[in-house]
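Going by our numbering, the sequence shown wraps up at 190, each residue one higher than the last.
These are calculated hints, taken from the structure and not from any lab test.
Hints should not be assumed to be uniformly reliable.
Cβ pair distances, simulated, as ranges [stated by the list, open to error]:
#, residue 1, residue 2, range
1, Pro162, Ser106, 15 to 21 Å
2, Ala139, Gln92, 58 to 64 Å
3, Ser102, Leu74, 21 to 27 Å
4, Gly176, Val144, 16 to 22 Å
5, Gly100, Asp123, 55 to 61 Å
6, Arg145, Asp167, 38 to 44 Å
7, Leu74, Glu113, 32 to 38 Å
8, His137, Ser160, 20 to 26 Å
9, Val80, Ile186, 36 to 42 Å
10, Ala75, Asp114, 27 to 33 Å
11, Val138, Gly176, 19 to 25 Å
12, Ser156, Gly84, 55 to 61 Å
13, Asp167, Leu83, 29 to 35 Å
Once the Cα atoms are required to be at most 16 Å apart in a straight line, the calculated EDC-like pairs of lysine to aspartate or glutamate come out as [to be verified]:
#, residue 1, residue 2
14, Lys187, Asp107
15, Lys187, Glu94
16, Lys187, Asp123
17, Lys187, Glu174
Backbone N, C-alpha and C fix where the C-beta goes; we use that ideal spot for every residue, glycine too.
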Amino acid sequence: MKASLINNQSGFTLIELAFAILVFALGILGVVKMQTEAVRNTGFSMQMSDAVNLAEDQMERLTAMDISSSIPAVLTVGNHVADPVTVRGISYRMSWQVSQLASNPSRRIDLQVLWQERGLPHSLSLNAIKGQE
């Protein structure tokens, strides 16, 4: 009986190895893209938090003002613009409009905060009604 040669090879071919490297590289690219988006969204969340804090502080100042006396800290009807405020390198511009409500001496306050991030404009709005005390 002749000894037969059995061609029993095990291992990977070059094509299988190249395909495995390609799949691994695509997976790594997905993780890198996900991490980049997470960092960008974290930055935007910080900017939004700063804008909310600035808007709430300004709204508290405005609603604390009197609407009926003649002292300088009176909530006057009209459009108003504050000087820009810079927080963490981002410049925030605040403006507000005070309008008289028709039915009573109360006033409506519409406050808006504007800023730009990477050339894209963003805004935040708050509204309140200030009644006579």
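Evaluation of the provided hints:
1. Pro162 x Ser106: 15 to 21 Å: 35 Å, violated
2. Ala139 x Gln92: 58 to 64 Å: Given about 37 Å between the Cβ atoms, the range is violated.
3. Ser102 x Leu74: 21 to 27 Å: At 42 Å between Cβs, range violated.
4. Gly176 x Val144: 16 to 22 Å: 19 Å, holds
5. Gly100 x Asp123: 55 to 61 Å: Once the Cβ atoms are compared, 39 Å apart, the range 55 to 61 Å for Asp123 and Gly100 is violated.
6. Arg145 x Asp167: 38 to 44 Å: Violated - the Cβ-Cβ distance for Arg145 and Asp167, about 26 Å, lies outside 38 to 44 Å.
7. Leu74 x Glu113: 32 to 38 Å: 58 Å, violated
8. His137 x Ser160: 20 to 26 Å: 23 Å, holds
9. Val80 x Ile186: 36 to 42 Å: 59 Å, violated
10. Ala75 x Asp114: 27 to 33 Å: 59 Å, violated
11. Val138 x Gly176: 19 to 25 Å: Since the Cβ atoms of Val138 and Gly176 sit about 22 Å apart, the hinted range of 19 to 25 Å holds.
12. Ser156 x Gly84: 55 to 61 Å: Holds - the Cβ-Cβ distance for Ser156 and Gly84, about 56 Å, lies within 55 to 61 Å.
13. Asp167 x Leu83: 29 to 35 Å: Check failed, 49 Å falls outside 29 to 35 Å.
14. Lys187 x Asp107: Between Lys187 and Asp107 the Cα gap is close to 24 Å, so the pair fails against 16 Å, i.e. violated.
15. Lys187 x Glu94: Violated, because 41 Å separates the two Cα atoms, which is more than 16 Å.
16. Lys187 x Asp123: Distance of about 9 Å is within 16 Å: holds.
17. Lys187 x Glu174: Violated. Lys187 to Glu174 sits at ~32 Å, over the 16 Å cutoff.
The earlier numbered hints that this structure contradicts are 1, 2, 3, 5, 6, 7, 9, 10, 13, 14, 15 and 17.
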